[in-house]
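What follows is the residue order along each chain.
There are 2 protein chains.
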Amino acid sequence: PPGRKVLIVYAHQEPKSLNGSLKSIAVEELSKQGCSVTVSDLYAMQFEPRATRNDIVGCLHNSEEFNYGVETWEAYKRGSLSSDLVEEQKKVQEADLLIFQFPLYWFSMPAIMKGWMDRVLVQGFAHEFPNCYDSGLLKDKLALFSFTTGGSKEMYAKGGISGDIRYLLWPMQHGIMHFCGVKVLAPHICFAPEYVSEEKRKEMLIAWAQRLKTLWNEEPINCSPEWYFK
Amino acid sequence: PPGRKVLIVYAHQEPKSLNGSLKSIAVEELSKQGCSVTVSDLYAMQFEPRATRNDIVGCLHNSEEFNYGVETWEAYKRGSLSSDLVEEQKKVQEADLLIFQFPLYWFSMPAIMKGWMDRVLVQGFAHEFPNCYDSGLLKDKLALFSFTTGGSKEMYAKGGISGDIRYLLWPMQHGIMHFCGVKVLAPHICFAPEYVSEEKRKEMLIAWAQRLKTLWNEEPINCSPEWYFK
Numbered sequence: 002p003p004g005r006k007v008l009i010v011y012a013h014q015e016p017k018s019l020n021g022s023l024k025s026i027a028v029e030e031l032s033k034q035g036c037s038v039t040v041s042d043l044y045a046m047q048f049e050p051r052a053t054r055n056d057i058v059g060c061l062h063n064s065e066e067f068n069y070g071v072e073t074w075e076a077y078k079r080g081s082l083s084s085d086l087v088e089e090q091k092k093v094q095e096a097d098l099l100i101f102q103f104p105l106y107w108f109s110m111p112a113i114m115k116g117w118m119d120r121v122l123v124q125g126f127a128h129e130f131p132n133c134y135d136s137g138l139l140k141d142k143l144a145l146f147s148f149t150t151g152g153s154k155e156m157y158a159k160g161g162i163s164g165d166i167r168y169l170l171w172p173m174q175h176g177i178m179h180f181c182g183v184k185v186l187a188p189h190i191c192f193a194p195e196y197v198s199e200e201k202r203k204e205m206l207i208a209w210a211q212r213l214k215t216l217w218n219e220e221p222i223n224c225s226p227e228w229y230f231k
Numbered sequence: 002p003p004g005r006k007v008l009i010v011y012a013h014q015e016p017k018s019l020n021g022s023l024k025s026i027a028v029e030e031l032s033k034q035g036c037s038v039t040v041s042d043l044y045a046m047q048f049e050p051r052a053t054r055n056d057i058v059g060c061l062h063n064s065e066e067f068n069y070g071v072e073t074w075e076a077y078k079r080g081s082l083s084s085d086l087v088e089e090q091k092k093v094q095e096a097d098l099l100i101f102q103f104p105l106y107w108f109s110m111p112a113i114m115k116g117w118m119d120r121v122l123v124q125g126f127a128h129e130f131p132n133c134y135d136s137g138l139l140k141d142k143l144a145l146f147s148f149t150t151g152g153s154k155e156m157y158a159k160g161g162i163s164g165d166i167r168y169l170l171w172p173m174q175h176g177i178m179h180f181c182g183v184k185v186l187a188p189h190i191c192f193a194p195e196y197v198s199e200e201k202r203k204e205m206l207i208a209w210a211q212r213l214k215t216l217w218n219e220e221p222i223n224c225s226p227e228w229y230f231k
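So the sequence lines, in the order shown, correspond to chains P and C. Add 1 to a position in the first sequence, counting from 1, and you land on the number used in our numbering. Add 1 to a position in the second sequence, counting from 1, and you land on the number used in our numbering.
If we strip away everything but chain P, and leave its shape as in the complex, we get (with noise of 0.2 Å):
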């Protein structure tokens, strides 16, 4: 609808991939809803994913033994976290809808996109003990994974080889977006796109378009371990 505000932290070398696809329709099809859209293009920004001293500027707080978790959430309190934590941090705090659309690596994202959850999400800005879960401090808003893979839909079936898909959600969905107070929808997952038909893939970019028609009127899942692990 109008003014809601949507963040697309996209991963993927190349544009012309189906990840590069399925991220220029949510774009398309969002702005068309009168959503305004950013999208933080990690590859293209050479996004840094390593969380070092030098995400704080100036002096750190205990210079003795570096703590990036304490240094990080004190930098945050007295405004000397480096500038493109900074900028990411004011994209997330305007966002209503945090869209994350990448290949998965590993049962997981990419280390690049690791790396923004790692470095952007920082303690004092996402969440402050005892403001975590459902008090998380970026509470209010929504955020859904969508993501392509390699293995097909019977290998992530309960009982397949990878197991159901939902086993590796769980530290994404559960630990870095619920934990932050983010309500989750449910993922769009692409299984397979490498090994089907042109055919196919043209219907996965169809059914992403379809599905964002109508989102805003979806209900988050209940993001408890049932959902997960039945």
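These are computed hints drawn from the structure, not numbers from a lab. Keep in mind that a hint or two might mislead.
Estimated spans, in silico, between C-beta atoms of each pair [unchecked claim]:
(1) C:K231 <-> P:P131: 35 to 41 Å
(2) P:N55 <-> C:E88: 20 to 26 Å
(3) C:E65 <-> P:A45: 38 to 44 Å
(4) C:E65 <-> P:V58: 47 to 53 Å
(5) P:K91 <-> C:P2: 52 to 58 Å
(6) P:R202 <-> C:S83: 28 to 34 Å
(7) C:W228 <-> P:M156: 39 to 45 Å
(8) P:E200 <-> C:Y196: 53 to 59 Å
(9) P:K214 <-> C:E65: 28 to 34 Å
(10) C:Y196 <-> P:K91: 27 to 33 Å
(11) C:V87 <-> P:N55: 24 to 30 Å
(12) P:N55 <-> C:P2: 40 to 46 Å
(13) C:E65 <-> P:P131: 48 to 54 Å
Note that CB positions come from ideal geometry on N, CA and C, so glycine has one too.
Chain C: place on chain P using the hints.
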């Protein structure tokens, strides 16, 4: 035992940290046993976590549309992966045991270590369909995930707010190591070292040293859904 080779992949910024001590203890204890121990100190190496075109030396297999998985597979076969990857693959190839030592970041490994998985465990080297899971190309090797958490043991209990710690081990142990044919030893977990006494932290170090003394007698876990989700 004398002659066994161990690779420790280590991801912490601070040598004085508990992770740093756990790493040093492993080097010391395993060396004392006559093992030959190699450490990949990822932050010290400024290890690159991003999966990009730079990982392929020279021309691409398909320069029209970049596909990281295909390009690194092809590059592996013709010996044109970037030298930092070749170095790590040599270390893996020689090792009988891989130890991953890290602080848990967001229910997973830090991005710098995820990047090591994404970039080093290339198709052709670590797996090559149908050689995955029990017939993965790194079979006859062992792996052990040793990590520290922010949350307490109670939070990571079944029924606890963060769920059974085993839930989050699935992508790392099954999705990565088991996929490559590596057998997995029980994880070594130090819960919430930042919130316990100096005394308790010392006990954690002693417990790790103790475990290492009889590590080679351990049986791998049964890396199937039952172990993780009961």
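Original post:
Has the hinted range 27 to 33 Å been met by the Cβ atoms of Y196 (chain C) and K91 (chain P)?
Top reply: Once the Cβ atoms are compared, 32 Å apart, the range 27 to 33 Å for K91 (chain P) and Y196 (chain C) holds.
Original post:
Taking 48 to 54 Å as the hint, is the beta-carbon distance of E65 (chain C) and P131 (chain P) inside that range?
Top reply: With Cβ atoms ~52 Å apart, the hint holds.
Original post:
In this structure, is the beta-carbon distance linking N55 (chain P) and E88 (chain C) contained in 20 to 26 Å?
Top reply: Hint holds: Cβ distance 24 Å, inside 20 to 26 Å.
Original post:
At the C-beta level, are K214 (chain P) and E65 (chain C) separated by a distance inside 28 to 34 Å?
Top reply: Holds, since K214 (chain P) and E65 (chain C) (Cβ atoms, about 32 Å apart) stay within the stated range.
**OP:** State, for the Cβ atoms of E65 (chain C) and V58 (chain P), whether the hinted interval 47 to 53 Å holds or is violated.
**Re:** violated, 42 Å
Original post:
Range hint 40 to 46 Å: satisfied by the CB atoms of N55 (chain P) and P2 (chain C)?
Top reply: holds, 42 Å
Subject >> Range hint 53 to 59 Å (beta carbons of E200 (chain P) and Y196 (chain C)) holds or violated >> reply: Distance hint for E200 (chain P), Y196 (chain C) holds at roughly 55 Å.
Original post:
If you check the beta carbons of V87 (chain C) and N55 (chain P), does the distance land in 24 to 30 Å?
Top reply: holds, 27 Å
**OP:** Return holds or violated for the Cβ distance of R202 (chain P) and S83 (chain C) against the range 28 to 34 Å.
**Re:** holds, 30 Å
Original post:
Falls inside 39 to 45 Å, the C-beta gap from W228 (chain C) to M156 (chain P)?
Top reply: violated, 19 Å
**OP:** With 52 to 58 Å as the target window, see if K91 (chain P) and P2 (chain C) comply at their CB atoms.
**Re:** holds, 55 Å
**OP:** Starting from the hint 35 to 41 Å, judge whether the C-beta atoms of K231 (chain C) and P131 (chain P) obey it.
**Re:** For P131 (chain P) against K231 (chain C), whose Cβ atoms are near 29 Å apart, the range 35 to 41 Å is violated.
Checked against the numbered hints above, the structure breaks hints 1, 3, 4, 7 and satisfies the rest.
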